[in-house]
Amino acid sequence: MIIQFLLVPAVVLAVVLSLRSRNSVRGQARRKLIAGLTVVAGVLSVLFPGVLQSLADWSGVTRGTDLLLYVLAVVIIYLVGSVSVRFREQEARMTRLARQVALGEAEARLRADVVEATVLPADLSKDSRAS
Numbered sequence: 001m002i003i004q005f006l007l008v009p010a011v012v013l014a015v016v017l018s019l020r021s022r023n024s025v026r027g028q029a030r031r032k033l034i035a036g037l038t039v040v041a042g043v044l045s046v047l048f049p050g051v052l053q054s055l056a057d058w059s060g061v062t063r064g065t066d067l068l069l070y071v072l073a074v075v076i077i078y079l080v081g082s083v084s085v086r087f088r089e090q091e092a093r094m095t096r097l098a099r100q101v102a103l104g105e106a107e108a109r110l111r112a113d114v115v116e117a118t119v120l121p122a123d124l125s126k127d128s129r130a131s
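By the working numbering, the letter at position 77 of the sequence shown is numbered 77, and the numbering carries on one by one without gaps.
Note that these hints are calculated values from the structure, not bench results. All C-beta atoms, glycine included, are put in the ideal place defined by N, C-alpha and C. Any given hint might turn out to be false.
Said to hold, decoys possible - Simulated restraints on C-beta separations:
id	residue 1	residue 2	range
1	Ala92	Gly50	43 to 51 Å
2	Leu33	Gly104	50 to 58 Å
3	Ala92	Thr65	36 to 44 Å
4	Ala92	Leu17	14 to 22 Å
5	Val12	Arg93	25 to 33 Å
6	Thr65	Gln28	50 to 58 Å
7	Thr95	Ala117	44 to 52 Å
8	Ala117	Val83	44 to 52 Å
9	Gln28	Thr118	19 to 27 Å
10	Val8	Ala108	54 to 62 Å
11	Thr118	Ser84	21 to 29 Å
12	Gly60	Val12	17 to 25 Å
13	Val74	Gly50	20 to 28 Å
14	Asp113	Arg88	55 to 63 Å
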């Protein structure tokens, strides 16, 4: 069946593309293109079910709805991988930000302690002279 030769590379490609970095312009364009193509394909399959059945017959699938199910499974695999990578990248970004904030606060406390240590003895010596 032709569908097997189409679905296996499609699933592998969906996994590979979904696990790539999301920060690139190319990755953002790819996500938008896949989303747009999914919407267009869905609308066309509803408006012209005969075309979907013809594609199913050509690819060796018995029904057009089965073909639609296979295609949607590939899209879902891509989306799950894509969301997983996006969450992982956000977690890493959040960790870096938390570390920067913690280091900044520690540095500010250290400066305050140094200023306090240098200012207090001078003030105490002035107070002791006045008495």
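*Looking at the structure, which of the earlier hints fail to hold?*
Hints 2, 6, 7, 9, 11, 14 not satisfied by this model.
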